[in-house]
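Dock chain W against the given chain B, drawing on the hints supplied.
Chain by chain, the residues:
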Amino acid sequence: MQKVYTKIESIVGNVITVRAEGVRNNDLAEITTSRGKGYANVIKLDGDKVSLQVFQGAMGVSTGDSVRFLGVPMRVSFSDNLLGRIFDGAGRPRDNGPELTENMIEIGGPSVNPSRRILPNKMIRTGIPMIDVFNTLVESQKLPIFSISGEPYNQLLARIAMQAEVDIIVLGGMGLKYDDYLFFRNTLESSGALSRTIMFIHTASDPTVECTLVPDLSLAVAERFALQGKKVLVLLTDMTNFCDSLKETAITMEQVPSNRGYPGDLYSALASRYEKAVSFEGAGSVTILGVTTMPGDDVTHPVPDNTGYITEGQYYLKNGHIEPFGSLSRLKQNVNKDTRSDHRALMDGMIKLYSAYKDSLEKRSMGFMMSDWDEKLLRYGAEFESRMMDLSVNIPLEEALDEGWKILSECFEPNETGLRTELIEQYWPKER
Amino acid sequence: MASTASGLVSGVNGNMVNVKFSSQVIKNEVGYIHVGDTRLKSEIIRITDGIASLQVYEMTGGIAVGDEVEFTGEMLSVELGPGLLTQVFDGLQNPLPGLAEKCGFFLERGVYLDPLPDKEWDFTPSKSVGDKVIAGDSFGSVPEGIFRHEIMVPFTLQGEWRIKSIAAKGMHRSRETICVIEDGKGNEKELSMIITQPVKVAIKGYQERVLPDETMVTKVRIIDTFLPVAKGGTYCIPGPFGAGKTVLQHLTSRNADVDIVIIAACGERAGEVVEILKEFPELTDPKTGRSLMERTIIICNTSSMPVAAREASVYTAVTMAEYYRNMGLDVLLLADSTSRWAQAMREMSGRLEEIPGDEAFPAYLESRIAEFYERAGKVKLRDGRTGTVTIGGTVSPAGGNFEEPVTQATLKVVGAFHGLSRERSDARKYPAIDPLDSWSKYEGIIDKAKVAEAYSYLRRGSEVGQMMKVVGEEGTSLDDYVVYQKGEFLDSVYLQQNSFDPVDAAVTVDRQRMVFSVLYDILTSSYSLEDKKDARLFFNELRQRFLDWNGTAESDERFSVLREDLESFYKGRRK
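Chains B and W are the protein sequences, given in the same order.
The opening position of the first sequence corresponds to residue 1 in this note's numbering, with each subsequent residue numbered one higher.
The opening position of the second sequence corresponds to residue 1001 in this note's numbering, with each subsequent residue numbered one higher.
Derived by calculation from the structure, the hints in this document are not laboratory data.
None of these values were measured; they are calculated from a predicted model.
The C-beta atom is built at its ideal place from N, Cα and C for all residues, glycine as well.
Covered stretches of chain B (chain W as the covering partner; in silico rule of three or more C-beta atoms under 8 Å from a C-beta of chain W):
| no. | region |
| --- | --- |
| 1 | 24-33 |
| 2 | 39-49 |
| 3 | 117-127 |
| 4 | 257-267 |
Same shape as in the complex, but just chain B (with noise of 0.2 Å):
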């Protein structure tokens, strides 16, 4: 298998062509050009004809440069070493430590079989109360973070990533601005939040293929440490420059496309990479929170679709803060009847008000009269926004729900709430 095949017979995109024999599909290659050693992957066999995609891309690459097949298909490194480390789309380093070749392991791995899957009951804790409180974050949960380019959706992921509580972070970013990666290491340096944090960058400037390699790095290792009885949270930013990678990468295979020039496997390739979120019975778990940014703010664009009908709701990042209305966790339920009695009611409670409250926003821009209890609408929508709504409001969830309840009291008589009544007399704050 170390045989060396010096003819490559075409290029196209970044999809090279050798002849060779007893080639297995998707083996790792080692190409050997003038700007140095890469790897690339066998993504078509037809006869002896192997098609493989260049991961630093085909730029430079000569008719006359070496390929050399190693046998084994795509593998990431996995031991606790990982940890504190940064790597690029191909996993080698990017922070100037050593590279890491013990215990190899598959990236892309087979699905977990659904009949040994657990219903999902642990919440997880992000000290943000518009998760906390209104949409709770479960553990083995896939969710979005619907953004559009230029709100603050890496800010978000790095608090997340800072107070979440659980036990190691893997933050897969994918065609990230080089700024946006040195915002992340910084600030996860600067919290002590690098040392439980593993890294996979893919800049802007990087190759495109690297960028679908992402994900699948960033699930495997997650996935072992599951295996582990660690609780893992995965961060992947941005979910849409993935599929943009997938979009090109197909292109240039001549792939008949499906909508807006997408693969017509777009729908497989996410899900089996979200789908990836699992709590293991008696181990860990892996949970996924992605940023997709639309495009144009269109949810109806095929990406955040497609998402959406894979994940278990969605988070939408708008005006710098998450949106309460639109924003859903499917999983919510499961967790927030056990933290404390209150939960549920106050939530359902506040957000009804929230909702009036916009309906009076709408009536005083339409220069109507305002009435008594719109003016105190409009006291607690500006009250809830700034104390729960602000993306700086960092308070545990017990805390966010005495907050509610302090907002309630300074806005409204308690019969207003629509609050039942046992629940008034328990939580209502006594002085005033």
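Just chain W now, with coordinates in the frame of chain B:
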């Protein structure tokens, strides 16, 4: 008979493998690709110039040119026999719990287990030596849970056969020979309780197909009263993500008035299947008082499992449905979601480099969808009994836009359309079936003329509502405003249903008829109302009382009190 052709891999492209074969192969024949020690199941989907193209039901990593392929001479088939109920299979009828025992947390490729356990069953013969049988005839039965499971002559047999020997009543293993038949030419065939049936061939073996004329009760008011589904009919539920397709399907799978429910989770979230797996054994079937699982089969090929097996999974499910139908049972097949199945076809078509149709779906998309839904139906069996297969499929249209190929192709062939709307689900109006866009061609549980009249209030109410958005409440006449309020009233007390409320979640036919008669009376009465404010207050109060009544169990003593209360309230204001 079986050809034992073999071949060598000559190319790999995604989940399609090209194989150069010796001797002869059959289209849609199953082959196994040998990769090291594992054998990967695949199916021939095209043959060109001595090369067979196979779709592989597993991940294709590691396959090399020159790998050996063995062909089986059989088309992709499932095993049918006692023991199917309560099981959880993947798209190729691999029992998932069995796989978990063998392989642990992950689905290892190339592991294929016997779908049906070789268990002992209490067999009672119904034919005797010398009797003539043809394909589909029952020659005995075993009890499977609460059902009499007929043991039938394989559906694929041709011609007339004579029973040469048959086992006596008593315990027999499902794989042992219990009957030997021979044809006129002296060919003999040994039969066991298990038969093998190609999934893409519809099961016949009945006298004739008849018109589906009986309503399948789902205990969802908007469906049973306004948009009914017949036993043996077909319906589809398209809707954007988050509109409640799966919740509606789960509700139906629990409450539907049928004997057997087959759930095909096709390319959707694994977590949703887990919910069924954990909940169903705990829930009791109101019809039989037994665990719901005892009437359920789950075919589970979730989104991250191999795509080609997803394509097979809906056929696997419908074949099992037809099998139980031929025992004279009513079977409901719920497929969630048919769009994922269509996407699997699209992926394969792309690999075959076929000329793409709309949105890159293959040109045969429509005929495949039609073929699938046409396997539903009501049949009269040879002994005069009837059996039905009802198919309900969800559709996940891209961007929630119903103008896309899968939704459109499905609408052409189904008998009822339950379109879910984002607007209704955003407003928390569940079930989010859009009452004005949706339609049904079947008979419901309530007189058609009355339903149509109730419908007219809904339609006119919505028109007035649209108009009011432009001219404001001031510019609307009181009469129009009352129509608008009546429409809203109908929507909130009858069309919407709280699936989390223990009483409101499932409403029996009798109760629906009773509630509808009151509702009909309210809608068709005129009231003396002073102005719009008075009208609003009147309908608000009426709604509150109606909802309280809806939430009260019939066994509750307050039930009749609340009804009288409600009736005296609106009758007091009647003109």
